[in-house]
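Asks: Each protein sequence line maps, in turn, to chains A and B. Here the first sequence is numbered in numbering that gives the first Met the number 0, starting from 0 and rising by one per residue. Here the second sequence is numbered in numbering that gives the first Met the number 0, starting from 0 and rising by one per residue.
What the hints contain is simulated information worked out from the structure, not anything from laboratory work. There's no promise every hint is true.
[What the hints assert, rightly or not] Straight-line distance between alpha carbons at most 25 Å, and here's what the computed DSS-like set of lysine-lysine pairs gives:
hint, chain 1, residue 1, chain 2, residue 2
1, A, K41, A, K207
2, B, K378, A, K207
3, B, K281, B, K161
4, B, K281, B, K292
5, A, K206, B, K292
6, B, K322, B, K358
[To be verified] Here are the simulated distance ranges between beta carbons:
hint, chain 1, residue 1, chain 2, residue 2, range
7, A, G116, B, Q192, 45 to 51 Å
8, B, Q243, A, A226, 53 to 59 Å
9, A, A226, B, Q192, 43 to 49 Å
10, A, L171, B, E400, 33 to 39 Å
11, B, E151, A, A130, 44 to 50 Å
12, A, L171, B, Q379, 34 to 40 Å
13, B, H95, A, D186, 52 to 58 Å
14, B, R325, A, S224, 52 to 58 Å
15, B, F314, A, H223, 49 to 55 Å
16, B, E210, A, Y124, 45 to 51 Å
17, B, H95, A, G192, 29 to 35 Å
18, A, R9, B, I175, 42 to 48 Å
All C-beta atoms in this analysis are idealised placements derived from N, C-alpha and C, irrespective of residue type, glycine included.
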Amino acid sequence: MNAPVFTLDRVEISFAPGQSILQAARAAGRYIPHLCFHPELKAHGSCRVCMVRVAGRLLPACATPAQPGMVVESEVPEVQQMRRALVEMLFVEGNHFCPSCEKSGDCQLQATAYHLGMLAPQFDYFYPDRAVDASHPEFLLDFNRCILCSLCVRASRDVDGKNVFGLSGRGLRTRLTVNAASGRLGDTDFAVGDFAARVCPVGAILKKRQGFQVPLGERTYDRHSIAEIDQHAPAQSLGECAPGPEVPMGGAPISRAPRREDT
Amino acid sequence: MTEAAPTSAPAKPLRRVAIDPVSRVEGHGKITLLLDDKNRVHEARLHIVEFRGFERFIQGRPYWEVPVMVQRLCGICPVSHQLAAAKALDAVVGAHRLTPAAEKLRRLLHYGQILQSHALHFYYLAAPDLLFGFESDAARRNIVGVAEKHPEVARRGVLLRKFGQEVIAAVAGKRIHGTGAIPGGVNKALNAQDASALLADIYPIIGWCREAVSLVRDLHLANPALYDSFGAFRAHLLSLVGPQGEMDLYDGRIRVRNAGGLIVMDGLEPARYLDYLAEEVKPWSYMKFPFLKALGQAQGWYRVGPLSRVQNCAFIPTPLAEKERREFIDYAGGEPLRAPLAYHWARMIEMLHAAETIKDLLQDEAARSGPLLTEGPRKQEGIGVIEAPRGTLIHHYRVGEDDLVTWCNLIVSTTHNNQAMNEALREVARRYLDGRELTEGLLNHLEVAVRAFDPCLSCATHALGKMPLQVELRDAAGELLARRSRGD
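Only chain A is shown next, with the shape it has when bound in the complex (with noise of 0.2 Å):
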């Protein structure tokens, strides 16, 4: 029996019973714009990023099942636009200065303006006034950056058991939280092997002390663009999907002196 399939962008897209839009369409090797799905977690459908038409109404492609004969439209210009603008108020939230942003080149919010064509600002910004959580002797927190995804949360809840993250708040007042009663990162069991601590698709948790270790030009999307990346985290297995801050994808690791301890 044939499988089932679907039209994107009026291509024939056949999928497994169960597989949502989003991942029938990275099977198919096709790109549909994303920043909270990621293929080892649960769909959240919080992003909106991955926002495709069918049949005239708007949903996310993440959490909407394929089922057979949907006409679905992607790459058109009404849901372009909409998604820019999306991704643009994700910057208006934060604090996202790419030039100093040890992230860049590696960041998926980057990399997805960038794709769709975000190359001046539209709306006025917020620039709200956000700590840094620099409790942890391995990660830095910083909220400048989230964008509420809630990767880390599944990542920590779902896959390492351990439930650092949350989110709280509503609406504009959604915060990511760290479950510890001082509310610091350095309070809790967070560690270097957990899957939420590569997971985070923008700079919000990062390892420290790398800074810029990887010169610019030779980073993950200055490489390969998202679409690219897209299509190989499938086969990845987990952890590896999303290229981490240890782990980039482009530029050999620099040679390093022995430390000088006596200096």
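Please arrange chain B on chain A, whose structure you already have, making use of the hints.
Replies: Structure of chain B alone, referenced to chain A:
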């Protein structure tokens, strides 16, 4: 020594002339002149809106972001800020001695920066004044005019700058605002292909630098009455020098000569700058006035930059530039040259030195092999001092145990030269404004004086001869008596 500018205007009989805006390092500034009832210049002040906020907003950020973030202070010499910050943070990560390859690559990056910045300043910003005259047609007094009248000079200026930028890109990944220098070393080895491509062009570059020195020297020798006296004032000279007193723009210890040329301080450890430097605040400027504590506020101010460095060092460790330095020193005679226009001659000697140094580093195998990063026991404070194109640059950071910057102090070249620029302005204003009606040529004389010190100011104020410069003549009560702008 010239008397330091008073900090406030005597009251009534003075009139205030304001040149506003005179843009500065990616910001705005203005010049005010105070005239007495006989139109004599009582005071000339360069007010610079120096407040950029970097010292504050770097607080609370992780230290590894700092070199990349602070380089945004400037679009002309970002490399200098990146390197000064990286040097400061080397101490924080315990990298007290970089690996040989890392130090050589940082030097290559720095001398590429010196070459491109000096070329930009001289050819694009200063040459139009020097080649055409300060009061020449403003519409042609720009790089386009130079390209029409002296096409080969303009072409070389463009290509020299381009070469410097390519050196920067080879080390830092981008011509402007790259990375490269990171705490503990550098992040990338020099690509052998890049090195070969740069070496293929280096001899014409050195040749053009030699001709640039000749061009400025000939201009100077052709009109010593102007070049030796325009805006001249006596001041101490401050710069880094290497262990043997040689010119070293990347590292060294601080030496100070007095206006007579005698070394009055030497071997000062840059990391102890707070022991011997202080900054005075004056109510009329956002920019502080640094001075040497031992000499006091009135006598302890100084000038930095090429004119100081070329006359402060014992020798330049590359042969062609050293030959030019000797000629410069011979011309100066018994005392150091003190006229701002001599900055250009010194600057071109440094550009030649940069080109020769780039050649040596590109040919150095040690720059292309071996480890690039080092580290050691962590510290919570670091100070980095470097000779940026325009002068001594100090970066000072304190970093908490959580890796976040808790405090930052930056003293940039423009700040070191603050009093010096004010002195030059006052001299020029006294000589050219006294009793005369304001003209565009007069305005440009003031800018020529400022331009000699700092190409960032020049960059904004020179804008192809069409900057929105305005001079207003007001009485003591603030009433507008006359206004003149570039377009009039």
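Asks: Run every hint past the structure and note whether it holds.
Replies: We went through each hint and held it up to the structure:
Proposed proximity of K41 (chain A) and K207 (chain A) is contradicted: the alpha carbons are some 28 Å apart, above 25 Å. Among the hinted pairs, K378 (chain B) with K207 (chain A) is consistent with the structure: their alpha-carbon atoms are about 16 Å apart, no more than 25 Å. For the hint linking K281 (chain B) to K161 (chain B), the alpha-carbon distance of about 40 Å lies beyond 25 Å, and the restraint is violated. This hinted pair checks out: K281 (chain B) and K292 (chain B) have alpha carbons roughly 17 Å apart, not beyond 25 Å.
Our distance criterion of 25 Å between C-alpha atoms is broken by K206 (chain A) and K292 (chain B), whose separation comes to about 43 Å. Distance check on the hinted pair: K322 (chain B) and K358 (chain B) sit about 17 Å apart at the alpha-carbon level, within 25 Å; holds. For the hinted restraint 45 to 51 Å between G116 (chain A) and Q192 (chain B), the CB-CB distance of approximately 33 Å leaves it violated. At roughly 58 Å, the beta-carbon separation of Q243 (chain B) and A226 (chain A) lies within the given 53 to 59 Å, and the hint holds.
At about 30 Å, the beta-carbon gap between A226 (chain A) and Q192 (chain B) misses the expected band of 43 to 49 Å. One distance hint, 33 to 39 Å for the beta-carbon pair L171 (chain A) and E400 (chain B), holds here, with the actual separation near 34 Å. Look at E151 (chain B) against A130 (chain A): about 57 Å separates their beta carbons, and that is not inside 44 to 50 Å. Checked against the given bound of 34 to 40 Å, the beta carbons of L171 (chain A) and Q379 (chain B), roughly 38 Å apart, stay inside it.
A hinted range of 52 to 58 Å for the beta carbons of H95 (chain B) and D186 (chain A) is inconsistent with their spacing of about 34 Å. Roughly 57 Å separates the CB atoms of R325 (chain B) and S224 (chain A), a value that falls within the hinted 52 to 58 Å. In this structure the hint that F314 (chain B) and H223 (chain A) lie 49 to 55 Å apart at CB holds, the actual value being about 51 Å. At roughly 49 Å, the beta carbons of E210 (chain B) and Y124 (chain A) sit within the given window of 45 to 51 Å.
Separated by about 33 Å at the C-beta atoms, H95 (chain B) and G192 (chain A) satisfy the suggested range of 29 to 35 Å. Checked against the hint of 42 to 48 Å, the pair R9 (chain A) and I175 (chain B) passes, with Cβ atoms roughly 44 Å apart.
Violated hints, in rising order: 1, 3, 5, 7, 9, 11 and 13; the structure is consistent with all others.
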